[in-house]
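Chains P and F are the protein sequences, given in the same order. No gaps in the numbering here: position 702 of the first sequence is 702 in our numbering, and each next residue is one more. No gaps in the numbering here: position 57 of the second sequence is 1057 in our numbering, and each next residue is one more.
Hints are computed from structural coordinates only; laboratory data are not their basis. Built from N, CA and C at the ideal position, the CB exists for glycine as well. It is possible that part of the hints are untrue.
As the list claims (entries may be wrong) - Taking lysine to any residue pairs in the SDA-like style, the calculated list, with each CA pair at most 25 Å apart, reads: (1) K771/P - S1316/F; (2) K1317/F - L12/P; (3) K1207/F - E1225/F; (4) K771/P - P447/P; (5) K5/P - E552/P; (6) K1207/F - L12/P; (7) K777/P - A1297/F; (8) K1052/F - D705/P; (9) K57/P - P1157/F; (10) K1317/F - K5/P; (11) K77/P - D95/P; (12) K1098/F - V1144/F; (13) K694/P - P1157/F; (14) K1317/F - M708/P; (15) K114/P - D1259/F; (16) K1162/F - P131/P; (17) K114/P - K1207/F; (18) K774/P - N1012/F; (19) K23/P - K5/P; (20) K1321/F - L704/P; (21) K1308/F - K77/P.
What the hints assert, rightly or not - Ranges of calculated distance between the beta carbons of each label pair, as one might list FRET restraints: (22) I269/P - E1015/F: 30 to 36 Å; (23) K114/P - R1066/F: 24 to 30 Å; (24) S1316/F - S732/P: 55 to 61 Å; (25) G1036/F - T271/P: 26 to 32 Å; (26) Y763/P - K1052/F: 54 to 60 Å; (27) K1052/F - I183/P: 33 to 39 Å; (28) T271/P - G1113/F: 37 to 43 Å; (29) I400/P - P1159/F: 55 to 61 Å; (30) R74/P - K1308/F: 52 to 58 Å; (31) K114/P - G1212/F: 33 to 39 Å; (32) T523/P - S1068/F: 53 to 59 Å.
Claimed, not checked - From the structure, some residues in chain F lie toward chain P, with a derived Cβ separation under 8 Å: (33) D1196; (34) N1198; (35) T1202; (36) R1239; (37) G1240; (38) P1311; (39) Y1315.
Spelled out from the first residue to the last, the chains are:
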Amino acid sequence: MGELKLVGKSLLRIDGPDKTTGKAKYTADRKLPGMLVGGILRSPHPHAKILNINTEKAEKLLGVKAIISGSDTRGVKHGFVETPRYPPDQNILADDVVRHVGEEIVAVAATNYKVLNDALNLIEVTYEVLPAVFDVAEAMHPDCKVQIHPNHPKVKDDFCNIAGKTETQWGDIEEGFKQADLICVDRFESHLRTHGYLEPQTAIADYGGDGTLHMWISSMGHFVKRKKLASTLGMPEGSIQIHKAYVGGAFGGKIDLFSHEYCAAALSIKTGRPVKFVATREEIFTAYRHGQPLISEIKTGVKKDGTIVAQQLRMINNAGAYKGSGVVVIFLAWGFVMLPYRVKNFKYEGYSIFTNNPPRAPLRGHGAPQVRFALESHMDIIAEKLKMDPIALRLKNARIPGEELPNGDNVHNCGLQACIQKAVSKTDFSKRRHCFPNTEKISAHRPIKHGIGLGVSSYFGGSLIYPNSSSAIVKMNDDGSVDLLTGAIELGQGSETVLCQIVGEELQLELEDIRIISSDTATTPQDIGAWISGMTYVTGNAVREAAGGVREKILQVAAEQLNERVENLKLENKSVLVAADPAQRISYRDVFNASIANSRGDTIIGKGHWRTMRDEPFHPSLATTKGRWSENYAFSVQVAEVAVDTETGEIKLLKATTVHDCGFPINPQLVKGQIDGQVSLALGHAFMEDVMMKNGYTLNPTWLDYRMPLIHNVADSKEVDVITESYQVGRSFRTKEVGEGLVSAILAAIANAIYDATGLRMYTTPFSPEKVLKGLKLLDENKGLR
Amino acid sequence: MQAKIQTSQILNLPEFDYQTPASKKDAVGLLFSSGGDAIISAGGTDLIPNMKNGTIKPKALISLSRLSPEKESITADGALRLDALSTLSDIAESPLIKLKVPTLANAAFHVGGQQIRNRATLGGNLCQDTRCLYLNQSHGFQFVDACYKRGGDCCYPYPAEKRVCRSVFMSDTAPVLISLGAQLVILSNSGEKGVDINDFYTGDGLKPLKLGSAEMISAILIPPESQKMQCHFVKATPRGGLEFAMVSVAIALKIDGPDKKCGKARIAVGSINTSPLRAFKAEQEIVGHNLNEAIAAEVARKVADEVKALPHHGYSKGYLKQLVEVHTKRSLTAMIYPKEPLTHETSD
């Protein structure tokens, strides 16, 4: 059909006006008649046995409507992962033992917050405090006296507190290292960060008289939430309706079931009244989930010409008190290692270790930034040791189009080599590296050193995990406008705009002619959710198919009406016309009426569904990595330019350049938004964000002391889209991931730029001023300058 | 028996009486008659969060919301008189203040965000409470044993010690006013008295102000000689705004003649201890010298040695000391060579 009308265009977001004018309704904005407020009594100890819970006094308080504790939820288990190898291990409310500060013990529903606070204070819990362990090395040490859970039964290593293990290998690792001219060993560590979503964790439950549990939840995918609520509450999925509400950010932190969501439902069922839970920011910072601190131990063997011949890795994750996504991140980490570069002989072990910290969740990139920071720093170290250009080293090993990956996936039209070359030319990288003047000579008062660095990353798009597919419905209205019914959830990423663009393209409609009805489990079809970086690809193709179904029906009816063959028709301006004779046309309105009249009442409804890797039965094994993972990988190269103040240790990211193979950008402006957002998130990761914890307690549970970048900290961010795919009406398309992979290479690029500027190699995040200053002093001392 | 902190689901304000006197005189009268259970609320930007977090539990608030500040003026003897009720926005934007003591306007501008500055007052900024990572959170379920400042006897940052408080005094305007040799006009039932701002801070984190329970700051006077000094203020923060300082340095120098001879010096450092600190010894060292880069570096080292930093908000003592030295050196250099661009910015 030639030129694209909506797809590939930077159209304005359709949720923009609602959000910018404050009309958008979030869960916490909702008030229902007779609504109660809920709250949770949490553990003040990182590890303790609960000897007794006495709620008598609280129950007698006027305004307290219901109280539930561990005895009401005993045996109800949930977890981020629920597989035979990793069965659910979290209690809704603690049964006999609490394993982290803030663990949920009692939930109360009351008529207002004053009563709720009083009730929580009247509950008496008697504890026997147990010894606790927080550091991952201590926790996994064979002599560790603290056992948080028994070791995983299938993991036989001589370590303590093993939550899970992933291992894989190929080739012959011993032989590979024998062939190497250089073997390089490094260890990197990344720190604890949190998501920083603005909208707090919130849930409203209303178990009304209609036998349906109505819920509003700040979530990342309503169908996953519904599934977990159904299994924990013992209700059929069809009896739970999660309604649409806007979501104010999530970044990975709102995927799995949270106690407050179950408690809202249970308390509403118990009282027959709506119950609302809104977590305080302190609760979110101390008791909810953070990201994944990861230790990466890497040994790489290379030939003189830079060919990687062997690579061995051990990743260790501090999982917190329950498995959470800790057993997933050690699987994903393997993938983030093997994606960009060819390695003939490979061995990988990933351990997830229990500690008495709050459990973890995915955080945008889910392991990729930690892994790529380590690997790309390691690549620069290797290049220097080989006296080789770091770009040449990367190009030597980087994947090329059509390559098959060790897990059987294919990189298809992989744009990595092109990305590296474009990034280098766009930033004049090779010339500028090590070429900044030593500014100390220019001004004694400005001991600022400049550096440039580069990193490479890759990320999967969509995978098989519940509910494994997305479906969509497009139905036509009398006037020729359409309604799109999709389970896709808008949490800031722009899904509604992108999906409407696809519908508009397939039907040659303007965005104004498309109404989207989204993320309501009762009225919209299943959707994979906004958490495995596959919405544009999986849901997008489902929506394309649904709209395509409508297009075919329209063409068929029009062909009959115009007495013309379908291939001679085209769609334009809510009409079907004969391409060779545009005067011959029929409006969508007339098509709609003709369809009802002649096709036994067919009101023109299109259905679509999509699933990644149609022949693959399951997601890959978390234990062995066997099985396919994705059918579209995005590749990226990012370049960082930094200024290091060598007297204060402060570093400024002056410019970030992102060159990425995103397949085909449906909405380039939204792609740009994702890039800029990820660069600023990585900037926070690199320099300032740090959940300070001591003995399981959080020291900075406030926006003031958990420092996220302010607007003036945000770096100048430029990008180049390497387009390797195309969009054609009526054909499936392959968009690639753009929502979370770009937090990774830039982190490594910053670390490499710091080295370029100062000679200081960063082995741990964050690159805080204090750490940088200490490192620079040590460098000077070693040079004998002080 | 340790005092226990109440669990709080949302940050409710506790109950309190509320009075809105029509004059400062009435306000101190009410303070006096409350017998020490009342507290003055000016902008409330420090007080209200502290009440919500439960670090302060006054029985009554005496709100100055009905009072309007007097406009800044020059007194008969040439002092610049500032009403304690002036908001930080007033201070930051006042042409007279910008002309006479630009560092004070600069310090006021670097407090919080615009909304905070629109409410927060200069007097309140001088009387703000000390801060500590453990103290300034709501203690819903962690740190439920009250620390010393909350009425218990433990100290989380210094677990080996009892009955101490090493929370940090983080006002931005206090070090500047110290560098300017300001006098505070303290009002009580028995009338006004002048107090040198050097003597206003106790150095005790538990009770950082030398202010009687029935007293309030009414005005701030900046002597004429200070208005002629060269001044500099720098607030070092990890993000460059919207937060409290890691370290702040305020310097006032009298620099004479082409030799740049230093005739008088005041150097104050904020946010590193239980009160703002003045580097008296280092000041003595600089006076009488012809100023140059080498002197700046040497004095900066002396200032960093003289003022003792307490680790706070995740910053180590050694790092804070280094920051004091660097920012003092850069401030002095900027003052000695005023035409060169400011050197404390890391932008390219």
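- Item | Structure-inconsistent hints, enumerated in ascending order | Those not satisfied are hints 2, 3, 6, 9, 10, 12, 15, 17, 18, 19, 21, 25, 26, 27, 33, 34, 35 and 38.
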